[in-house]
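Using the hints provided, position chains B and C relative to the given structure of chain A.
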Amino acid sequence: MKELKTNTENNIQRRKFIRNILFSATALFFPKFIGAESVGKIKDWVLFGDYNAKDHLWGMGINIDKCIGCGRCVNACKVENNVPKVPYYFRTWVERYRIFKEKETIVDSPNGAINGFKPQPESDGNLIRSFFVPKLCNQCDNPPCVQVCPVGATFRTEDGVVLVDKEYCIGCRYCIQGCPYGARYLDPKTLTAEKCTFCYHRIVEGLSPACVEACPTQARIFGEVKKKASPLMRFMRKHAIGVLKPSLNTEPKVFYANMDMEVR
Amino acid sequence: MEEIVIHLSSIVKEVTGYIYPNEIELHWGLLVVIYPYITGLVAGAFILASLVKIFNVKELQPTYRISMLTALAFLFVAPLPLLAHLGHPEKSFEIFLTPNSSSAMAMFGFVYAWYLMAVLLLEIWFDYRKDLIIWASKEKGIRKWIHKIISVFSKDISESALKFDKKSIKVVTIIGIPSAFLLHGYVGFIFGSIKANPWWSSVLMPIVFLFSAIVSGIALVLLIYMVITPLRKKEIDMKCLDKLASYLFYVMIIDFSLEILDFIHRSYEAEESIKIIAELVSGKLFVSLIVIQLLIGIIIPLGSIAAIKFFKIPAELRKSMYFVAALLVQVGIFTTRWNVVVGGQLFSKSFRGLTAYKMTFFGLEGLLVSIGLLLLPLLFLYLLFKILPPWEESRAT
Amino acid sequence: MPPDFGKYGHYRASAVDEIISQEIKYAGHVICYDCHDDVADTKSGGYHKKVACEVCHGPAALHTDDPGEFVLEAPRERGYCPLCHEYIPSRPTGFPQIVTASHNPMKPCITCHDPHDPKPPEPPKECDACHAEISRTKSLSHHVNLECTFCHQATDEHKIQPREYLPSKPSKREFCGGCHANNSDASEEIPRVDIATHGENYMCWQCHYPHLPEAN
Numbered sequence: 001m002k003e004l005k006t007n008t009e010n011n012i013q014r015r016k017f018i019r020n021i022l023f024s025a026t027a028l029f030f031p032k033f034i035g036a037e038s039v040g041k042i043k044d045w046v047l048f049g050d051y052n053a054k055d056h057l058w059g060m061g062i063n064i065d066k067c068i069g070c071g072r073c074v075n076a077c078k079v080e081n082n083v084p085k086v087p088y089y090f091r092t093w094v095e096r097y098r099i100f101k102e103k104e105t106i107v108d109s110p111n112g113a114i115n116g117f118k119p120q121p122e123s124d125g126n127l128i129r130s131f132f133v134p135k136l137c138n139q140c141d142n143p144p145c146v147q148v149c150p151v152g153a154t155f156r157t158e159d160g161v162v163l164v165d166k167e168y169c170i171g172c173r174y175c176i177q178g179c180p181y182g183a184r185y186l187d188p189k190t191l192t193a194e195k196c197t198f199c200y201h202r203i204v205e206g207l208s209p210a211c212v213e214a215c216p217t218q219a220r221i222f223g224e225v226k227k228k229a230s231p232l233m234r235f236m237r238k239h240a241i242g243v244l245k246p247s248l249n250t251e252p253k254v255f256y257a258n259m260d261m262e263v264r
Numbered sequence: 001m002e003e004i005v006i007h008l009s010s011i012v013k014e015v016t017g018y019i020y021p022n023e024i025e026l027h028w029g030l031l032v033v034i035y036p037y038i039t040g041l042v043a044g045a046f047i048l049a050s051l052v053k054i055f056n057v058k059e060l061q062p063t064y065r066i067s068m069l070t071a072l073a074f075l076f077v078a079p080l081p082l083l084a085h086l087g088h089p090e091k092s093f094e095i096f097l098t099p100n101s102s103s104a105m106a107m108f109g110f111v112y113a114w115y116l117m118a119v120l121l122l123e124i125w126f127d128y129r130k131d132l133i134i135w136a137s138k139e140k141g142i143r144k145w146i147h148k149i150i151s152v153f154s155k156d157i158s159e160s161a162l163k164f165d166k167k168s169i170k171v172v173t174i175i176g177i178p179s180a181f182l183l184h185g186y187v188g189f190i191f192g193s194i195k196a197n198p199w200w201s202s203v204l205m206p207i208v209f210l211f212s213a214i215v216s217g218i219a220l221v222l223l224i225y226m227v228i229t230p231l232r233k234k235e236i237d238m239k240c241l242d243k244l245a246s247y248l249f250y251v252m253i254i255d256f257s258l259e260i261l262d263f264i265h266r267s268y269e270a271e272e273s274i275k276i277i278a279e280l281v282s283g284k285l286f287v288s289l290i291v292i293q294l295l296i297g298i299i300i301p302l303g304s305i306a307a308i309k310f311f312k313i314p315a316e317l318r319k320s321m322y323f324v325a326a327l328l329v330q331v332g333i334f335t336t337r338w339n340v341v342v343g344g345q346l347f348s349k350s351f352r353g354l355t356a357y358k359m360t361f362f363g364l365e366g367l368l369v370s371i372g373l374l375l376l377p378l379l380f381l382y383l384l385f386k387i388l389p390p391w392e393e394s395r396a397t
Numbered sequence: 001m002p003p004d005f006g007k008y009g010h011y012r013a014s015a016v017d018e019i020i021s022q023e024i025k026y027a028g029h030v031i032c033y034d035c036h037d038d039v040a041d042t043k044s045g046g047y048h049k050k051v052a053c054e055v056c057h058g059p060a061a062l063h064t065d066d067p068g069e070f071v072l073e074a075p076r077e078r079g080y081c082p083l084c085h086e087y088i089p090s091r092p093t094g095f096p097q098i099v100t101a102s103h104n105p106m107k108p109c110i111t112c113h114d115p116h117d118p119k120p121p122e123p124p125k126e127c128d129a130c131h132a133e134i135s136r137t138k139s140l141s142h143h144v145n146l147e148c149t150f151c152h153q154a155t156d157e158h159k160i161q162p163r164e165y166l167p168s169k170p171s172k173r174e175f176c177g178g179c180h181a182n183n184s185d186a187s188e189e190i191p192r193v194d195i196a197t198h199g200e201n202y203m204c205w206q207c208h209y210p211h212l213p214e215a216n
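Residue numbers (the numbering used here), protein chains in the order written: chain A, 1 to 264; chain B, 1 to 397; chain C, 1 to 216.
Extracted from the complex, chain A is given alone in its bound form (with noise of 0.2 Å):
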């Protein structure tokens, strides 16, 4: 005859009960986060092939009067960073601004100059001023994309550059409103913030990113804000410098030689 359990061996079966049922509760919400591929990755990044992201701070000089215009830095991210291929996402994209004598200044971005830009048949004895300017993420030291994001999907890093993490995004897009350059866009397939990241994933390795590395004329130059003698640094000796709407305090890194008072 089975022998009947005690009280106190009931009350252990019943706390272990209670305790395994709010341990699965709990499990439901780690399954995603943990793994022993990322547990061990995060040893691995600041040892990442010699980057110590704390020797850094990155930053990219434009020079406005090198750009022609031909849009192979905006063809170079959209291959490298699998960026859609219509016309309404954008990592980087440049205008070209016409400025004229009697009338208002004329802006345009066709496709995001992906495929450069047609010579407008315009009233040029008109036009007193034209040039590119190509456009990013400013990668602010003072991000207010960052500032908004309700969970911390969005960041930046010890070594300036603003990231955001796919995985951990909840697609609400205060980001997008928040970013004064409209550097952000959301990824119509993963539904998720992105933008331009420097090329994160190739920075780290040495490269440049894929904008500078293809554009035909220098007029990108990356390299370190402070501390290091880089391109960056002689660029930003040489030229006088502009940022894009200084007025709002981002403190942004992307930096303009010879940008023009229309320059938004």
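To be clear, the hints were calculated from the coordinates, so they are not data collected in a lab.
Any given hint might turn out to be false.
Claimed, not checked - Partial pick of chain C residues on the chain A-facing surface, computed with a CB cut under 10 Å: (1) I19; (2) E54; (3) I88; (4) S135.
Glycine included, each C-beta is placed from N, C-alpha and C at the ideal position.
For chains B and C alone, kept in the frame of chain A given last:
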């Protein structure tokens, strides 16, 4: 992805001037317009009820419980448009797990939970507790059990217990008013704190949102009261209605003044964005802003209630005027939300161009779902009226 | 709550790992020279020395891993070169541009220009081969009758290394006075001013755009 691409390609033709290439997709659409509208109604209805309680406004006593239940019904629906709008609603719990303390949106989960649990549910519970116990003791079947569960099986209806109830209601109400301000104020701050967008970025934004919320809340309670009372074959208490309309009038004056102040400030300072904003307001936004929000939504209702205050108007005509005015106010406040949310995205941050918003009918962001979301609280309200009847006659003796 | 959240800041630390594990498509110009040093030598002396290989040949990361398996294409028709070299007024003056409709139409560019050392088969005879914008502007003005070399002396090196050997520019008011002074021997139709007093002590070109002085 094909759908989005087709949708966006149809907007390209509507663009005037220059917009940043990424701006072709308008990110916060109809669903994000509905959310502040609904939370506005919640805050407004609650603040009305609280004023009744705090200042002991006897005329509005019939609407006290109606306001509270209205607030609750709409509060249940409030998170739904947001969840529908998220790219990944299944990850929305992250707002609770890892909220970014610098983000106003991260506050949402906590403010909502706080307001729901600590304020609204508590106040309703304390107000109804005595009635729930007495009803439960006299009823049978499932209704009895529902009331027993809601009252959390409490049974004490002694004098001291009732005194405690009354005190608790006062305390919760006093906490509740700033909480209601917070519930809708933070929504205003979500927009007001975005320096990238000059249409939104303004110190006045939370205040304007709050007062337009109070306006819409009072108008909603007025409408519900006017609809539900004849449906129950009872007489409308004209004193109550007049008082409601009076409160509506005064809050509308404040709201209107705030909007005029914003306009004056904007056009006086004439900052960088004034040209494109002027182009927007006189063009694409003219009908929704000048005609609907201002003229139909504020001026006409203000005018009609003012006329009632100045002239002697018979009760029957007053009723119709109040009804129409309250309806127009609802349309006006909804359009206000529209003008803020969608209007702010219609001009480019380059200040050089305008884009367009194309509303779809089907789909999660479509008109059909939005209409459903706006009608859903009425369904909840109906259920609440059945479970927790707010009528004077239903009070347990 | 993800276990590595908050390690370096308010974000998931492993997100950075996921981001840097993205596939690299462009190999970078440096690695091409490991194998293609002959092309590298040719290119390093020409105008295209700063143009990365992958700009024309496309992303090459796969090719560097397995050259036999992934062969790169090269643009051989006329369509590609005009992306940079088509004449657009907005392009900086001095950047070599042609009007493709009139510049040897139908012929592939590589017929005359080696892409790795694209110097033209003959050095351009006219300044407007590179300075088309200025030339067009000047053509609207009376100064169309003046050769560019009337005001600007340029050596032959300027056609090869334009930025290193800049042409000269007039430096004295008297230069313009050669035609425009009251006592000049030039044609009667040319407008005259008193060179000594007109325009205080500014240089002439500080007010009058020399390429289109009729415009104000």
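Inset, instruction - Compare the structure with the hints numbered earlier in the document and write down the numbers of the violated ones, lowest to highest. - result: When the structure is compared with the hints, only number 4 turns out to be violated.
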